[in-house]
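Engineer: Work the whole structure out from these sequences, hints included.
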Amino acid sequence: MDLLQNPFQLLTASPRDNRRRIMELADERSLLLDSSECMQARSDLTNPRKRLCAEVAWLPGIGPKRAGEMLSLLESSPSDLLGIDKLTSIARANLLAAGLSRLSNYTSDDVAEWIIEIAWAFEDIEPEELSGIINEERIVSGFPEVTDLSAVETEIQERRRHYRQVIKFALDNLSAKELVEAVTVAVESATDDGEEHGPILIADLVDSYEVEAQGFLEKEEGNIRALVEKLRAAVDAERPDSTLAPMMNQLIQVVRNWDTVAQPIQVSTKSRGLDHDASHRVAGLVRGLAIHMFNEHGKLDFSQQLTNMLQEVFAEVGEVAERTAEDADALGEIAEQRVRLIEDAKNKAEEWQREITYEADVGAIFKDKLRISPEGIEWKGRHWDLDSISRVRWGGTRHSVNGIPTGTTYSIIFGNGSNYASIELKKEAIYSNFIDRLWRAVGVRLLTEYLEGLRDGKKYRFGSAVMSDHGMELERKKLFGSNERVFCRWGELVIWDGAGVFCIGKKEDKKLAAAFSYQEEDNIHVLEAAIRMFWKRGGDRLSCLLGE
Numbered sequence: 005m006d007l008l009q010n011p012f013q014l015l016t017a018s019p020r021d022n023r024r025r026i027m028e029l030a031d032e033r034s035l036l037l038d039s040s041e042c043m044q045a046r047s048d049l050t051n052p053r054k055r056l057c058a059e060v061a062w063l064p065g066i067g068p069k070r071a072g073e074m075l076s077l078l079e080s081s082p083s084d085l086l087g088i089d090k091l092t093s094i095a096r097a098n099l100l101a102a103g104l105s106r107l108s109n110y111t112s113d114d115v116a117e118w119i120i121e122i123a124w125a126f127e128d129i130e131p132e133e134l135s136g137i138i139n140e141e142r143i144v145s146g147f148p149e150v151t152d153l154s155a156v157e158t159e160i161q162e163r164r165r166h167y168r169q170v171i172k173f174a175l176d177n178l179s180a181k182e183l184v185e186a187v188t189v190a191v192e193s194a195t196d197d198g199e200e201h202g203p204i205l206i207a208d209l210v211d212s213y214e215v216e217a218q219g220f221l222e223k224e225e226g227n228i229r230a231l232v233e234k235l236r237a238a239v240d241a242e243r244p245d246s247t248l249a250p251m252m253n254q255l256i257q258v259v260r261n262w263d264t265v266a267q268p269i270q271v272s273t274k275s276r277g278l279d280h281d282a283s284h285r286v287a288g289l290v291r292g293l294a295i296h297m298f299n300e301h302g303k304l305d306f307s308q309q310l311t312n313m314l315q316e317v318f319a320e321v322g323e324v325a326e327r328t329a330e331d332a333d334a335l336g337e338i339a340e341q342r343v344r345l346i347e348d349a350k351n352k353a354e355e356w357q358r359e360i361t362y363e364a365d366v367g368a369i370f371k372d373k374l375r376i377s378p379e380g381i382e383w384k385g386r387h388w389d390l391d392s393i394s395r396v397r398w399g400g401t402r403h404s405v406n407g408i409p410t411g412t413t414y415s416i417i418f419g420n421g422s423n424y425a426s427i428e429l430k431k432e433a434i435y436s437n438f439i440d441r442l443w444r445a446v447g448v449r450l451l452t453e454y455l456e457g458l459r460d461g462k463k464y465r466f467g468s469a470v471m472s473d474h475g476m477e478l479e480r481k482k483l484f485g486s487n488e489r490v491f492c493r494w495g496e497l498v499i500w501d502g503a504g505v506f507c508i509g510k511k512e513d514k515k516l517a518a519a520f521s522y523q524e525e526d527n528i529h530v531l532e533a534a535i536r537m538f539w540k541r542g543g544d545r546l547s548c549l550l551g552e
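Residue numbers (the numbering used here): 5 to 552.
Keep in mind the hints are simulated off the structure, nothing from the lab.
Small disclaimer: the values here were computed from a predicted structure and weren't measured.
It cannot be assumed that every hint is accurate.
[As the list claims (entries may be wrong)] Once the Cα atoms are required to be at most 20 Å apart in a straight line, the calculated PhoX-like pairs of lysine-lysine come out as:
1) K234 <-> K181
2) K352 <-> K384
3) K303 <-> K234
4) K371 <-> K384
5) K510 <-> K481
6) K223 <-> K181
7) K384 <-> K373
8) K234 <-> K223
9) K482 <-> K431
10) K482 <-> K515
11) K373 <-> K430
12) K431 <-> K384
13) K90 <-> K69
14) K540 <-> K510
15) K481 <-> K515
16) K371 <-> K431
17) K481 <-> K511
18) K462 <-> K482
Structural biologist: So, in C-alpha cells, the structure goes:
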C-alpha cells in the first residue's frame with residue numbers, strides 16, 4: 005500500500021480521529037471522489053482488524069500537521085524526503101518508499117542511496133515499539149488496542165514485500181548496466197564490502213537480483229568454459245604467443261563481465277558467511293588453466309595475468325581469494341627468480357664476451373691483425389664465425405743449434421669441414437692469450453658437442469682409435485698379419501703425455517696404445533680435456549660429464 009493510496013490519505017483522516025469523525029470525512033470526500041472508494045476506506049479504518057494494515061502503512065507516531073507537510077513534500081519534491089529526520093522507523097520507511105516510487109531522472113547512485121536508506125529504516129522497526137505507538141493513537145481515537153503482537157509482525161512483513169516491489173520498480177526503470185551498478189553500490193555500502201551483516205531488505209534485494217541474473221550468469225559461465233578449453237587446446241598445440249594473447253584478452257574480458265553481474269551476489273554471500281558456488285566454479289576453471297599453462301608449458305606471463313585477474317575479480321570470495329593470493333605469491337617468486345636468472349645469464353654473457361675478446365698485431369715489419377671476439381675470428385682479412393669452427397689444433401716447437409736453444413715457434417690451426425687457417429707465432433704471450441680465448445670460445449663448445457653426441461650413441465675417430473661413450477677402440481699393431489682392433493672400457497685405460505703428443509693405452513699392455521699429435525691432428529686438446537675431466541670425476545660413461 006502506497007502512502008497516497010492509504011485510507012487515511014483518501015479521507016484526509018488522522019489515526020487520532022474517532023469513528024464518528026471518520027464517517028463524516030467519508031461522507032465529505034464522497035462528494036469529491038469515487039464514493040465506493042470512500043466507503044471502502046471508511047470500512048478499513050473503522051474495522052479494528054483492517055485498520056491495522058492502514059496504520060502500519062501510514063505515518064505512525066507523526067502528528068497530523070507534520071504528516072500533512074510531508075505528504076505535500078512527497079507530491080511536490082520527493083527528492084527532498086531523504087533529508088527529513090526525527091521520524092519513527094516505520095514512518096521513514098513508508099515515506100521513503102513513496103518518495104522512491106515518485107522520483108524522476110534518477111541515476112544508479114540515486115537509487116542505491118534510497119535503497120540503503122529504506123533498508124536501514126526497515127531494519128530498525130521493532131514490533132513492540134510499533135505496537136505501542138499504534139495503541140497510543142488508538143486510545144486517543146477510541147479504537148480497541150492491539151493485543152496480538154503477531155498481527156503487527158504480519159503487517160511489518162507486508163511492508164517488507166511492499167518495499168521490495170517499490171525497489172524492483174525503481175531498478176527496472178534503469179538500463180541493465182545502471183541496474184547492476186545500483187545493486188552493487190547498495191550491497192557494498194550496506195555490508196561494508198561484505199564485512200558486515202547487512203539489513204534484511206538488502207538480502208531480499210540480492211535474492212531477487214540473483215534470480216533475474218541467473219540466465220545471464222549461466223550463459224556466460226558456459227562461454228568461459230568454452231574459452232578455457234579453446235585456450236588449453238591452443239597452448240597444448242604450441243600456438244605462438246601472438247595467437248594466444250588475443251584469446252587471453254577475450255577470456256579475461258568475459259570473466260570480468262561475468263563478475264560485474266555477480267559482484268553484488270558475491271558481496272552479499274560473503275556478508276552472510278556463505279559460499280557462492282558459481283564463483284568457485286568459474287574461478288576453478290580459470291585457475292586450472294593458469295596452472296596448466298605454467299606447469300606444462302612455462303607460460304609464466306599468461307599465468308600471472310590470469311592469477312592477477314582472479315585476485316581482483318574474486319576478492320569477495322574468501323577461499324578463492326586466499327588460494328589465488330597463494331598462487332600469485334608463488335608465481336611472483338618464480339618471476340623474480342627468472343629475472344635474477346636472466347640477469348645472471350646476461351652478466352655471465354657479458355663477462356664471457358669480455359673474456360674471449362683479444363687482439364694483437366702479428367709480424368715484425370708487415371703486421372697482420374689477429375682478433376677473436378664473440379663476433380668471430382679475424383686473420384689476414386678473413387672472418388670466421390665461432391660456430392662454424394669445428395676443428396682446432398695448437399702447440400709449440402722448440403728449436404736449437406748444436407744443442408743451444410734458438411727459440412720456439414708456436415702454431416695455431418682452426419677451421420671448418422672444408423677450410424682452415426694457420427697462424428705461426430714467435431711471441432709466447434700472444435700465443436697463450438689467443439689459445440686461452442680460443443678454448444673458451446670454441447673448445448668448450450666442441451667438448452659439449454662431443455659429449456652430447458656420445459650420449460646419443462655416436463662414435464668419433466681420432467687417428468686409428470675410435471671413441472664411444474663407454475670406452476676406446478685401439479689398434480694393436482703386428483709385425484706379421486693384420487693389425488688387431490680391441491675395445492677397452494674407460495676403466496681399463498690409462499693416459500700420459502709424450503713429446504708433443506697425447507697418449508692413451510690399455511693398462512699393463514704397452515703394445516695396445518695410441519699417440520695423438522697436438523699439432524697434426526684435430527681436436528686432440530678437446531679429447532684430452534674430456535678424458536682428464538672424466539678421470540677426475542669417475543663413472544662408466546664419458547657423457548656423464550653432462551650431469552644428466
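Engineer: Each hint needs a verdict: does it hold in this structure or not?
Structural biologist: Taking the hints in turn, this is what the structure says about them:
Of the supplied pair hints, the one linking K234 and K181 is violated, its CA atoms being roughly 29 Å apart against a limit of 20 Å. Between K352 and K384 the CA atoms are separated by roughly 30 Å; this puts the pair beyond 20 Å, and the hint is violated. Restraint check for K303 and K234: satisfied, since their Cα atoms lie roughly 16 Å apart, inside the 20 Å limit. Distance check on the hinted pair: K371 and K384 sit about 10 Å apart at the alpha-carbon level, within 20 Å; holds.
Our distance criterion of 20 Å between C-alpha atoms is met by K510 and K481, whose separation comes to about 14 Å. A distance of roughly 17 Å separates the Cα atoms of K223 and K181; the hinted pair therefore holds under the 20 Å criterion. A threshold of 20 Å between alpha carbons decides the hint, and for K384 with K373 the separation of about 7 Å falls inside it, so the pair holds. Among the hinted pairs, K234 with K223 is consistent with the structure: their alpha-carbon atoms are about 17 Å apart, no more than 20 Å.
For the hint linking K482 to K431, the alpha-carbon distance of about 43 Å lies beyond 20 Å, and the restraint is violated. For a cut-off of 20 Å, the pair hint linking K482 to K515 stands: about 9 Å separates their Cα positions. Distance check on the hinted pair: K373 and K430 sit about 15 Å apart at the alpha-carbon level, within 20 Å; holds. At roughly 18 Å between alpha-carbon atoms, K431 and K384 fall within 20 Å of each other, so this suggested pair holds.
Distance restraint check for K90 and K69: the Cα-Cα separation of roughly 15 Å lies within the 20 Å cut-off, and the hinted pair is therefore satisfied. In summary, the hint linking K540 to K510 is supported, as the alpha carbons are separated by about 18 Å, within the 20 Å threshold. Taken as a hint, the K481 and K515 pair is honoured in the structure, with Cα atoms around 7 Å apart against an allowance of 20 Å. About 13 Å separates the Cα atoms of K371 and K431, which keeps this hinted pair within 20 Å; it holds.
Proximity of K481 to K511 is assessed by CA-CA distance (about 16 Å); at most 20 Å being required, the pair is judged to hold. Between the alpha carbons of K462 and K482 the distance comes to roughly 28 Å, so the proposed pair goes past 20 Å and is violated.
Hints 1, 2, 9 and 18 from the earlier list are contradicted by this structure; the remaining hints agree with it.
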